[in-house]
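Chains as they are written, first to last, in my numbering: chain A, 8 to 751; chain S, 336 to 488.
Just so you know, these hints were derived from the structure itself, not from any lab.
Mixed in with the good hints, there may be bad ones.
[Said to hold, decoys possible] Under the rule of at most 20 Å between Cα atoms (straight-line distance), these lysine to aspartate or glutamate pairs were calculated in the DMTMM-like manner: (1) LYS630/A x GLU411/S; (2) LYS580/A x GLU567/A; (3) LYS201/A x ASP134/A; (4) LYS298/A x GLU427/S; (5) LYS418/S x GLU588/A; (6) LYS256/A x GLU354/S; (7) LYS230/A x GLU427/S; (8) LYS298/A x ASP351/S; (9) LYS104/A x ASP355/S; (10) LYS298/A x ASP355/S; (11) LYS472/A x GLU570/A; (12) LYS208/A x ASP355/S; (13) LYS553/A x ASP518/A; (14) LYS460/S x GLU688/A; (15) LYS687/A x GLU354/S.
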Amino acid sequence: MSNNSSNKLSRRAFIRNSSIAGGGLIIGFNLLNSCKPKVVADAAVDLASLDYNDFNAFIKIADNGAVTIFSPNPEIGQGVKTSMPMIIAEELDVAWKDVHVVQGVLDTKNYTRQVAGGSQSIRFGWDALRETGAKAKHMLVSAAAARWGVDPSECSVSEGVITNAAGETLGYGDVVKEAAQQEVPEEVTLKEPKDYKIMGKDAANVDIDEIVTGAPLFGLDYKTEGMVYATVARPPAFGRKLVSYDDSKARAMPGVIDIFTIGEKLRGLLEEEPRITNITSDSDKVVVLAKSTWQAFKAKEALEIEWGEGTKGESTEQHDKILTDLLNGNKFETRRSDGNIKKAFAEADQILERTYESPFLPHNCMEPMNFYANVTDEKVHLAGPIQTPEGTANFTAKLLGRDIEDVHLEMTRMGGGFGRRLYGDFVLEAAEISAKAKKPVKLVFTREDDMEDGIYRMAIKYRIKAGIKDGKVTAYHLKEAAINSNMYGLIPNFFPAGAIENYQVDTANYDSNITTGAWRAPYTNFLAYAEQSFFDELAELMEADKIQMRLDLLDKVNPEEDERIQYSPDRMKDVIKMAVEKSGWGTKPNGVYQGFVNYYCHNTHVAEVADVEIENGEPVVKKITCVVDCGIVVNPLGALNQIEGGVIDGVGHSMFGELTFEDGKPVANNFDRYRLIRMKEAPVVETYFIENTLSPTGLGEPTLPPAGGAVANAFKAATGNRLYKQPFTKTPELLKAPAKEIIG
Amino acid sequence: MPTYQVTVNGVSQTVDVSEDTPVLWVLRDHLDLVGTKYGCGIGQCGSCTIHVDGVAMRSCSLTLAQVEGKEITTIEGLSEDGKHPVQEAWREVDVPQCGYCQAGQIMTASAFLEQNPNPTEEDVKNAMNGNICRCASYTRIRKAVMIASENMG
Numbered sequence: 008m009s010n011n012s013s014n015k016l017s018r019r020a021f022i023r024n025s026s027i028a029g030g031g032l033i034i035g036f037n038l039l040n041s042c043k044p045k046v047v048a049d050a051a052v053d054l055a056s057l058d059y060n061d062f063n064a065f066i067k068i069a070d071n072g073a074v075t076i077f078s079p080n081p082e083i084g085q086g087v088k089t090s091m092p093m094i095i096a097e098e099l100d101v102a103w104k105d106v107h108v109v110q111g112v113l114d115t116k117n118y119t120r121q122v123a124g125g126s127q128s129i130r131f132g133w134d135a136l137r138e139t140g141a142k143a144k145h146m147l148v149s150a151a152a153a154r155w156g157v158d159p160s161e162c163s164v165s166e167g168v169i170t171n172a173a174g175e176t177l178g179y180g181d182v183v184k185e186a187a188q189q190e191v192p193e194e195v196t197l198k199e200p201k202d203y204k205i206m207g208k209d210a211a212n213v214d215i216d217e218i219v220t221g222a223p224l225f226g227l228d229y230k231t232e233g234m235v236y237a238t239v240a241r242p243p244a245f246g247r248k249l250v251s252y253d254d255s256k257a258r259a260m261p262g263v264i265d266i267f268t269i270g271e272k273l274r275g276l277l278e279e280e281p282r283i284t285n286i287t288s289d290s291d292k293v294v295v296l297a298k299s300t301w302q303a304f305k306a307k308e309a310l311e312i313e314w315g316e317g318t319k320g321e322s323t324e325q326h327d328k329i330l331t332d333l334l335n336g337n338k339f340e341t342r343r344s345d346g347n348i349k350k351a352f353a354e355a356d357q358i359l360e361r362t363y364e365s366p367f368l369p370h371n372c373m374e375p376m377n378f379y380a381n382v383t384d385e386k387v388h389l390a391g392p393i394q395t396p397e398g399t400a401n402f403t404a405k406l407l408g409r410d411i412e413d414v415h416l417e418m419t420r421m422g423g424g425f426g427r428r429l430y431g432d433f434v435l436e437a438a439e440i441s442a443k444a445k446k447p448v449k450l451v452f453t454r455e456d457d458m459e460d461g462i463y464r465m466a467i468k469y470r471i472k473a474g475i476k477d478g479k480v481t482a483y484h485l486k487e488a489a490i491n492s493n494m495y496g497l498i499p500n501f502f503p504a505g506a507i508e509n510y511q512v513d514t515a516n517y518d519s520n521i522t523t524g525a526w527r528a529p530y531t532n533f534l535a536y537a538e539q540s541f542f543d544e545l546a547e548l549m550e551a552d553k554i555q556m557r558l559d560l561l562d563k564v565n566p567e568e569d570e571r572i573q574y575s576p577d578r579m580k581d582v583i584k585m586a587v588e589k590s591g592w593g594t595k596p597n598g599v600y601q602g603f604v605n606y607y608c609h610n611t612h613v614a615e616v617a618d619v620e621i622e623n624g625e626p627v628v629k630k631i632t633c634v635v636d637c638g639i640v641v642n643p644l645g646a647l648n649q650i651e652g653g654v655i656d657g658v659g660h661s662m663f664g665e666l667t668f669e670d671g672k673p674v675a676n677n678f679d680r681y682r683l684i685r686m687k688e689a690p691v692v693e694t695y696f697i698e699n700t701l702s703p704t705g706l707g708e709p710t711l712p713p714a715g716g717a718v719a720n721a722f723k724a725a726t727g728n729r730l731y732k733q734p735f736t737k738t739p740e741l742l743k744a745p746a747k748e749i750i751g
Numbered sequence: 336m337p338t339y340q341v342t343v344n345g346v347s348q349t350v351d352v353s354e355d356t357p358v359l360w361v362l363r364d365h366l367d368l369v370g371t372k373y374g375c376g377i378g379q380c381g382s383c384t385i386h387v388d389g390v391a392m393r394s395c396s397l398t399l400a401q402v403e404g405k406e407i408t409t410i411e412g413l414s415e416d417g418k419h420p421v422q423e424a425w426r427e428v429d430v431p432q433c434g435y436c437q438a439g440q441i442m443t444a445s446a447f448l449e450q451n452p453n454p455t456e457e458d459v460k461n462a463m464n465g466n467i468c469r470c471a472s473y474t475r476i477r478k479a480v481m482i483a484s485e486n487m488g
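All chains should be built: construct the whole structure from the sequences, respecting the hints.
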């Protein structure tokens, strides 16, 4: 293992190089002080004040041997604050129980890029994190060897203690100062997976004590001295614009400090950054500043605001027609085309064509959007829950016309992300409010703000058409019609690309004024269900075995001949076979109906089987068996949590999730009218890993997409009805057992 | 603004807030007890669950007038050392993902187990159905509540 650095690199350069080695695009590393709980000193971090025992961006070792590892990426519940430091600790060779983990802050001065998302933190961090730990260990051992006057190769390490051939020992803390002066090794040997002592063992969430005792952790818990609370009256529907407002009643309410509008700074950015309107309205918004959150919320309700029409409000009914028209039209962009589908369809013996529909979905993070900003002449201090700290800091600097070096951003633990916190619209708002109020401000969305002013998963329709000739699938045509944006570039190369000779993926979209964006497993969160429902129906038409048909298709895939192919047919077959075995596929007693799905996304191969039973005449999801190949499992306890959560989230949203619009306004704005899956509906999840020593892949997202498909296929088995629309509860007439079941 | 005398986690406190202020925001903004979380504000999600005289209630939908003279317990005061059997079970199972709803889950579970120390799994599902976990840690919540019930018994 080596990097491209010369061995003359300075310590600071090593930090920088580590971040570049991390893949640049996805991962960024940082160091420095913790996100302190409760009332924090409102000061930017002074780099010069750092303890010099820091090795690099991640590791700080005190004289007494205590090890602090800085977790580089934002924590949204995906567990990287635990698992990324585990990878470093493994190669550093310290005991996990001796490690203290601290969330790093954004440091744009020393690092080039910090972003988390796409289930890529572990995958992209894998080499760099291991190398970081191993290089630090090498420097510590070299320092001890130098003190003893022996060759480093004569020394061994166990749990932070270095031992030489004579049996003398030195702790890491004893040699840390000398070690920090050592040259950074160019090459280090990394451990073999069989020698792992930390990875592959269960580690509890590093914040578990704070979480179960209610200690301050989240953005909404963040406070500073003198901080005031802000809430924002936003356009009540997409397309509306502020005309005028009367704040006389609101101003008279208790605790109100000021009421003013924002929007000017945002609009000032529009020419340079037109994409802003993809994440927020360019209308003025009315800000209420108060001494407490509740006072701000109440005073907002007392505002009398006239909103006018900027652009036309859109409705779900209209979107439905638009998407159908797009599917029926010819305004497609071809994303991948193999062979000649037209010819293949013309020659086919049988053709199957089906259309699948999905609604808008809000993210509904349990912690509503919020952010802290304190904009002063000296600096811009930002703190809170954000998945894209660097991009957001840059955007904020631009908004305020400030140098990026003035911006200090702290990441708090996030009460969920699911993609919503990739977008820093709320940070821009907080910054503009603080700049105008000249005060430290905490912007808080009400739940209603959060649901009504979202950046939603867009409504999509898929039309899939397959041609069969001589008992084989010879043509496959996938069309996507979506609101605002289409599937990203890799997805057309997912299964069944490469398995069918004549294959084409076409996409079309409609520009809406409703803001949309990434939502846990973008596109695949719905595509997996559409495609896997279709495969089942195709197998039925071909009178083929559903599993064998999938395996036969995979037999035809040769990734060596087509480098665009993203998945491994062999790994896919392995998860399929294990899922068949572990779920008892085809061997279930009467009354248990199963649905099968195999899928690949976020570099991970997954197969899921849903077990459905009839209760009170309706199909109920009782269990999901989930088989995952995500390579080496860094933290099995955390991995299982991601898998179970992803599966149940997938079941829940395919069953219940839907946000409709009327005249630009979301019809639901809180959990009384928006249904999320709850305890009683959550199935048992039984997980199995494919054991191998391949590099780890994504886990925060890939178990979600297959769940909806597994449920739909099992419901078909239970009721005889195919489900073409999500959420499934939208068509209750299809969720009925056949009469014999009700009687029986 | 009226003054209220409230007892939170065994400590009597005087709070000066308008009469419509929900207990949730008194705890969070006035008493600096931020463990109780804001989720929906309309009693639908359970993130703000506290104990009022030992009964699990939604603090977003309670005013101070409704709790005067009663004992309020928040997640911070559930146990002195953070080792209530429910908190211990949460650690053992490693329940949380993002963790935001968990204080509410723990408060609901601990009040439920006081009332029903030997629940069936169905009882647990019913008792916990009012608390949303957006990360869907439901299977672990179920398991942790069952473990806590064994350890409390």
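Going through the hints against the structure:
Restraint check: the Cα-Cα separation between LYS630/A and GLU411/S comes to about 35 Å, which exceeds 20 Å; the hinted pair is violated. For a cut-off of 20 Å, the pair hint linking LYS580/A to GLU567/A stands: about 17 Å separates their Cα positions. Distance restraint check for LYS201/A and ASP134/A: the Cα-Cα separation of roughly 17 Å lies within the 20 Å cut-off, and the hinted pair is therefore satisfied. Among the hinted pairs, LYS298/A with GLU427/S is inconsistent with the structure: their alpha-carbon atoms are about 40 Å apart, more than 20 Å.
Restraint check for LYS418/S and GLU588/A: not satisfied, since their Cα atoms lie roughly 41 Å apart, outside the 20 Å limit. Restraint check: the Cα-Cα separation between LYS256/A and GLU354/S comes to about 18 Å, which is no more than 20 Å; the hinted pair holds. Distance restraint check for LYS230/A and GLU427/S: the Cα-Cα separation of roughly 31 Å exceeds the 20 Å cut-off, and the hinted pair is therefore not satisfied. Simply put, LYS298/A and ASP351/S have alpha-carbon atoms about 13 Å apart, close enough for the 20 Å limit, and the pair holds.
Distance restraint check for LYS104/A and ASP355/S: the Cα-Cα separation of roughly 47 Å exceeds the 20 Å cut-off, and the hinted pair is therefore not satisfied. Restraint check for LYS298/A and ASP355/S: satisfied, since their Cα atoms lie roughly 15 Å apart, inside the 20 Å limit. Between LYS472/A and GLU570/A the CA atoms are separated by roughly 25 Å; this puts the pair beyond 20 Å, and the hint is violated. A hinted pair counts as satisfied when its Cα atoms are at most 20 Å apart, and LYS208/A with ASP355/S does not qualify at roughly 50 Å.
The hinted pair formed by LYS553/A and ASP518/A fails the criterion: a straight-line CA distance of about 38 Å is larger than 20 Å. Between LYS460/S and GLU688/A, the direct Cα distance comes to roughly 9 Å. Compliance with the 20 Å bound is thereby established for this hinted pair. With a CA separation close to 36 Å, the supplied pair LYS687/A and GLU354/S exceeds the 20 Å bound.
Hint compliance for this structure: hints 1, 4, 5, 7, 9, 11, 12, 13 and 15 are not met, and every other hint is.
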